[in-house]
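*Asks:* So you can see what is in the structure, the chains are spelled out below.
Protein chains: 2
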Amino acid sequence: MNDRNRPQITSEVTEGVCRLLYHHRMACLTELRLGNGRRLDVLALGEKGDLWAVEVKSSVEDFRVDQKWESYLDYCDRFFFAVPMEFPRDLIPVDVGLIVADRFEAAIVRAAPEPDRKLSAARRKKLLISFGRTAAGRMTPEADSEIFVL
Amino acid sequence: MNDRNRPQITSEVTEGVCRLLYHHRMACLTELRLGNGRRLDVLALGEKGDLWAVEVKSSVEDFRVDQKWESYLDYCDRFFFAVPMEFPRDLIPVDVGLIVADRFEAAIVRAAPEPDRKLSAARRKKLLISFGRTAAGRMTPEADSEIFVL
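Protein sequences appear in the order of chains A and B. For the first sequence, position 109 matches number 109 in the working numbering, and the numbering has no gaps at all. For the second sequence, position 59 matches number 59 in the working numbering, and the numbering has no gaps at all.
Note that these hints are calculated values from the structure, not bench results. Source: prediction; values computed, not measured. Hints may contain errors.
What the hints assert, rightly or not - Simulated pairs of lysine to aspartate or glutamate, EDC-like, Cα-Cα distance not exceeding 20 Å: (1) B:Lys126 - A:Asp50; (2) B:Lys125 - A:Asp50; (3) A:Lys126 - B:Asp77; (4) B:Lys126 - A:Glu15; (5) A:Lys126 - B:Glu47; (6) A:Lys125 - B:Glu47; (7) A:Lys125 - A:Glu61; (8) B:Lys118 - B:Asp74; (9) B:Lys118 - B:Glu86; (10) A:Lys125 - B:Asp77; (11) A:Lys125 - B:Asp50; (12) B:Lys48 - B:Asp90; (13) A:Lys118 - A:Asp50; (14) A:Lys126 - B:Asp50; (15) B:Lys125 - A:Glu47; (16) B:Lys125 - A:Asp77; (17) B:Lys68 - B:Glu47; (18) B:Lys126 - A:Asp77.
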């Protein structure tokens, strides 16, 4: 049994994920509100405009209550779950990517396959605009970062 | 005669410009290195993906030594010079936008016309990617923001 609480685990796994993706030359934004009303833990943007979405699951229960994670597939080129070391990995569907992480390190245990549907050019443009506006908005003290949704 | 130095004036005008553009619902990034090797003072991104470039000129001399500002036109939909209150405005070419600003307020004295050439979809996509990666990279302590150039 782990005595750390859920927000703390989520935060630590997220930190490890961002460090990992940074070394993959992806720029990360965390806790993005999507057009479908859900909040995505990490969206990473690569040099060619490729978008990787990562949803952090702090525990088995956290994973089990999420019935709608498949809606994230509409917002990225690759989708990963990221879980702490002690998470039972065989619970994660085999057709999505898997990252195992703690605060200090992270590894891509299974690469995310290309999805069946490619992002349309229009959807990608919209995502790139939202990514840039959200990131820039967060650096502006007076800006409300929530006004820019994907 | 003004006793403030050039970096201070540039910084104050930039601050006013970003506040103004924020109220125009543009998200601003400052001091971006462009693919042509130059550094642009402000690039602002609107909801529809429109890109406004603003070059700050702290003094008449600062304006006069810049022989290459027209190269910025290739990186935006609208181009503005931004100058402090005391700058003689009739020096600024009439076919670009003009913002007058200090640290606390700023006004668009002349709207920037649409340029003759529209940004291509490919160039805009590249700019959107760079904008997002640069902005997100600046929030990552370990990231070197200079690795992402437009």
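*Asks:* Decide, hint by hint, whether the structure agrees.
*Replies:* Structure-based check of each hint:
Taking the CA atoms of lysine 126 of chain B and aspartate 50 of chain A, the gap is near 12 Å; set against the 20 Å cutoff, the hint holds. The suggested pairing of lysine 125 of chain B with aspartate 50 of chain A holds, with an alpha-carbon distance near 11 Å, which does not exceed 20 Å. For the proposed pair lysine 126 of chain A and aspartate 77 of chain B, the alpha carbon gap of about 17 Å is at most 20 Å, so the pair holds. A distance of roughly 27 Å separates the Cα atoms of lysine 126 of chain B and glutamate 15 of chain A; the hinted pair therefore is violated under the 20 Å criterion.
Restraint check for lysine 126 of chain A and glutamate 47 of chain B: satisfied, since their Cα atoms lie roughly 9 Å apart, inside the 20 Å limit. The straight-line distance between the Cα atoms of lysine 125 of chain A and glutamate 47 of chain B is roughly 11 Å, inside the 20 Å bound, and the hint therefore holds. Distance hint between lysine 125 of chain A and glutamate 61 of chain A is unfulfilled; the C-alpha atoms sit about 35 Å from each other, more than 20 Å. The hinted pair formed by lysine 118 of chain B and aspartate 74 of chain B meets the criterion: a straight-line CA distance of about 9 Å does not exceed 20 Å.
The suggested pairing of lysine 118 of chain B with glutamate 86 of chain B is violated, with an alpha-carbon distance near 33 Å, which exceeds 20 Å. A threshold of 20 Å between alpha carbons decides the hint, and for lysine 125 of chain A with aspartate 77 of chain B the separation of about 16 Å falls inside it, so the pair holds. As the CA atoms of lysine 125 of chain A and aspartate 50 of chain B are separated by approximately 11 Å, the hinted pair is consistent with the 20 Å bound. For the suggested pair lysine 48 of chain B and aspartate 90 of chain B, the alpha carbons sit about 32 Å apart, so the restraint of at most 20 Å is broken.
For the given pair, lysine 118 of chain A sits about 11 Å from aspartate 50 of chain A by alpha-carbon distance, which is consistent with the 20 Å threshold. The hinted pair formed by lysine 126 of chain A and aspartate 50 of chain B meets the criterion: a straight-line CA distance of about 12 Å does not exceed 20 Å. A C-alpha spacing of about 11 Å is found between lysine 125 of chain B and glutamate 47 of chain A, which places the hinted pair at or below 20 Å, so the restraint holds. With a C-alpha separation of about 16 Å, the suggested pair lysine 125 of chain B and aspartate 77 of chain A falls inside the 20 Å cut-off, and the hint holds.
Taken as a hint, the lysine 68 of chain B and glutamate 47 of chain B pair is broken in the structure, with Cα atoms around 29 Å apart against an allowance of 20 Å. Distance restraint check for lysine 126 of chain B and aspartate 77 of chain A: the Cα-Cα separation of roughly 17 Å lies within the 20 Å cut-off, and the hinted pair is therefore satisfied.
This entry does not satisfy hints 4, 7, 9, 12, 17, going by the numbered hints stated previously.
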